[in-house]
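**Q** Listed here are the chains, written in short residue letters.
Number of protein chains: 2
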Amino acid sequence: MSITGKQLHSTLEADGTLTLELVDKTFPSPQGNQLLVRMEAAPINPSDLFLLTNGADLENAEYSLGKMVAKLAPEMAAAQKGRFGLPQMVGNEGAGTVLETGDTDMAKALAGQRVACVPLHAFGEYAVVDANMCLPLGDYSCEQGASSFVNPMTALGFVETARMEGHDALVHVAAASNLGQMLNRICIEDGMGLVNVVRREEQAQLLRGQGATHVVNSADADFEDQLAEAIEATSAFLGFDPVGGGQSTDTCLKAMERVAARQLTAFNRYGSDKPKKMYIYGRLDFGPTILTPSYGFSWTVAGWLLTPFLQQAGLEVMARMRQRVLDGLTTTFDSSYKRKVSLEEMLQKDAITDYARRATGEKYLVTP
Amino acid sequence: MSITGKQLHSTLEADGTLTLELVDKTFPSPQGNQLLVRMEAAPINPSDLFLLTNGADLENAEYSLGKMVAKLAPEMAAAQKGRFGLPQMVGNEGAGTVLETGDTDMAKALAGQRVACVPLHAFGEYAVVDANMCLPLGDYSCEQGASSFVNPMTALGFVETARMEGHDALVHVAAASNLGQMLNRICIEDGMGLVNVVRREEQAQLLRGQGATHVVNSADADFEDQLAEAIEATSAFLGFDPVGGGQSTDTCLKAMERVAARQLTAFNRYGSDKPKKMYIYGRLDFGPTILTPSYGFSWTVAGWLLTPFLQQAGLEVMARMRQRVLDGLTTTFDSSYKRKVSLEEMLQKDAITDYARRATGEKYLVTP
Numbered sequence: 091m092s093i094t095g096k097q098l099h100s101t102l103e104a105d106g107t108l109t110l111e112l113v114d115k116t117f118p119s120p121q122g123n124q125l126l127v128r129m130e131a132a133p134i135n136p137s138d139l140f141l142l143t144n145g146a147d148l149e150n151a152e153y154s155l156g157k158m159v160a161k162l163a164p165e166m167a168a169a170q171k172g173r174f175g176l177p178q179m180v181g182n183e184g185a186g187t188v189l190e191t192g193d194t195d196m197a198k199a200l201a202g203q204r205v206a207c208v209p210l211h212a213f214g215e216y217a218v219v220d221a222n223m224c225l226p227l228g229d230y231s232c233e234q235g236a237s238s239f240v241n242p243m244t245a246l247g248f249v250e251t252a253r254m255e256g257h258d259a260l261v262h263v264a265a266a267s268n269l270g271q272m273l274n275r276i277c278i279e280d281g282m283g284l285v286n287v288v289r290r291e292e293q294a295q296l297l298r299g300q301g302a303t304h305v306v307n308s309a310d311a312d313f314e315d316q317l318a319e320a321i322e323a324t325s326a327f328l329g330f331d332p333v334g335g336g337q338s339t340d341t342c343l344k345a346m347e348r349v350a351a352r353q354l355t356a357f358n359r360y361g362s363d364k365p366k367k368m369y370i371y372g373r374l375d376f377g378p379t380i381l382t383p384s385y386g387f388s389w390t391v392a393g394w395l396l397t398p399f400l401q402q403a404g405l406e407v408m409a410r411m412r413q414r415v416l417d418g419l420t421t422t423f424d425s426s427y428k429r430k431v432s433l434e435e436m437l438q439k440d441a442i443t444d445y446a447r448r449a450t451g452e453k454y455l456v457t458p
Numbered sequence: 091m092s093i094t095g096k097q098l099h100s101t102l103e104a105d106g107t108l109t110l111e112l113v114d115k116t117f118p119s120p121q122g123n124q125l126l127v128r129m130e131a132a133p134i135n136p137s138d139l140f141l142l143t144n145g146a147d148l149e150n151a152e153y154s155l156g157k158m159v160a161k162l163a164p165e166m167a168a169a170q171k172g173r174f175g176l177p178q179m180v181g182n183e184g185a186g187t188v189l190e191t192g193d194t195d196m197a198k199a200l201a202g203q204r205v206a207c208v209p210l211h212a213f214g215e216y217a218v219v220d221a222n223m224c225l226p227l228g229d230y231s232c233e234q235g236a237s238s239f240v241n242p243m244t245a246l247g248f249v250e251t252a253r254m255e256g257h258d259a260l261v262h263v264a265a266a267s268n269l270g271q272m273l274n275r276i277c278i279e280d281g282m283g284l285v286n287v288v289r290r291e292e293q294a295q296l297l298r299g300q301g302a303t304h305v306v307n308s309a310d311a312d313f314e315d316q317l318a319e320a321i322e323a324t325s326a327f328l329g330f331d332p333v334g335g336g337q338s339t340d341t342c343l344k345a346m347e348r349v350a351a352r353q354l355t356a357f358n359r360y361g362s363d364k365p366k367k368m369y370i371y372g373r374l375d376f377g378p379t380i381l382t383p384s385y386g387f388s389w390t391v392a393g394w395l396l397t398p399f400l401q402q403a404g405l406e407v408m409a410r411m412r413q414r415v416l417d418g419l420t421t422t423f424d425s426s427y428k429r430k431v432s433l434e435e436m437l438q439k440d441a442i443t444d445y446a447r448r449a450t451g452e453k454y455l456v457t458p
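As you go down the protein sequences, you meet chains A and B in turn. Residue 385 in my numbering sits at position 295 of the first sequence, with consecutive numbering throughout. Residue 338 in my numbering sits at position 248 of the second sequence, with consecutive numbering throughout.
Accuracy of the hints is not assured; some may be wrong.
[Claimed, not checked] Coverage of chain B stretches by chain A, computed from C-beta distances (three or more under 8 Å per stretch; other residues unrestricted): (1) 172 to 180; (2) 316 to 330; (3) 359 to 371; (4) 394 to 401.
Please keep in mind that the hints were generated in silico from the structure rather than gathered at the bench. Remember, it's a predicted structure, so these values are computed and weren't measured experimentally. Positions of the beta carbon are idealized from the N, C-alpha and C atoms, including for glycine.
Taking the hints into account, I'd like the entire structure generated from these sequences.
**A** Structure (structure tokens):
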């Protein structure tokens, strides 16, 4: 049996024309460890927007039923020449019902069940996925399980990374996001110190209302002092930053160095020897990262991405993380959505210009 | 017995006034494992210039015998507020003759010998140092042994770091320096791949004349292509950059990513998973480091400094490195000097404006 259904394609041409379009796609029967899943809910994550909307002139785009054609900023197009003319499927994660399985025991055991999965083509009516990468949802609904991979595993990944590198506290930038709220709950549960950096007072109140101890607001005049104080109180010399561009990472390293320098007994021309590290795990700002020479030579800035982290962490750690997500799906790892849209609706101007803003706490859920 | 001699002090005041001055200092008798050394030769390394000349208006300074008073650029002064009003001794390394020793066997065994040492106050007539940090020079002269620590151990440290992190090739920026020439000789001896990045054709010729295989000139129109080709030929995904400010590190990471992307079988929105790493080990450019979002998330930029590296590497590795330096002091680790100056001469305008330029291959040697 093969099955045909709508699938979202994103195609970028060399002239910068970006086309998002629902096309009919035929899925063959699943083989071996594969499952054919009818997708029922898929979140639009910031990580999906890279292929969907980043750099596109959405205001002046052409919209029709199931289709959008926009122009991409030239520098954004140039950076993606590897995909020129090649339709990309979109949608990292989602949840649905298993319609058909391959012939392995693992695949067959999931027949008819609701599963969360990471097909990388979740914005469509169907998906073919490997049973290894599926999480059976039991009594949870597909909407409850739709966001059970990217954000929960990333937030847990930060805590695992901190522990692997010998830290018991961390700094998180843009900390009021869905991901940030999860991280706050995890850190409270685990006794891991957390310095939440936000940019608006409402966000600070939101996190404090969820039990956060250290919340600093970059809009405050004494922000840098507050940040240094929170770092001193927690000994957080490791941080995670989804902004990337500009000086958010630089600001954290400077504050860490201020704290470390207080503990120096004599002036050191090279700065403190205290290791200070920031991971950049997103690009909310596509501008260049600016690092000033203000924190000596004992510092590291590195990219952080979920897939390589999981490969490095290994199957055992990953299984433990997934079980914890399943156990806390409606508590620690609860996701909330601003709006539910169909596949057609997600390509309409009002929706696309709204979710492309990546406003904190305003996530969309696609329900095909 | 205590002894009095001239010592160079560098004092920065809060108003940005920088004073370099020879003062009389009294050294007490060495205790325990200490040695009293009469300094006979000390190189002026880029790492010494931070306390000596960086950011100072040398052209309009006041010069008198054994003294210079200059104004420091405000941003440079502000970054060093930890030393306001506190005289700093200067001179990382040098060589001299042991005049008196403490009472340990290790100290006593060095009585009367010529030793290379790392007193951090080498620009003076005498120094008190720990015997642990001294290298007996045997038949070598003090001038031959003066530069036997900072550059040789740094160059060897790069190769050790590369091996520890599983690399068998590296990129070196500003590769025609004394340090870069040493690194080239070490890499040839060890069969370690090396991509030398220079900025002038004479520098390229100099390194090629010393047997370098891969030399790329950033002044060439097709520099980025050449760099990528050399990285592909050597598989150098680790690099060392003494420039720091601007985009030299960024350029290397971009070239590494170009090579890694060629090996991708499909477009990956996150860039390649190939780990790419650059260490910044100096600040020839005090501007901010600019990192563009051009190489995905599998990258690391970190500071590298000799002292923390040696602490991490441990005594055994350090002893092996020091023996190798001693064995190759006039070959692999040979240093050349543009000019020899006395302590008074090093504070004269013609000398100070010349060595402050940090021109490649134009190092000064102080012979008190």
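**Q** I'd like to know which numbered hints this structure contradicts. Please list them from smallest to largest.
**A** 2
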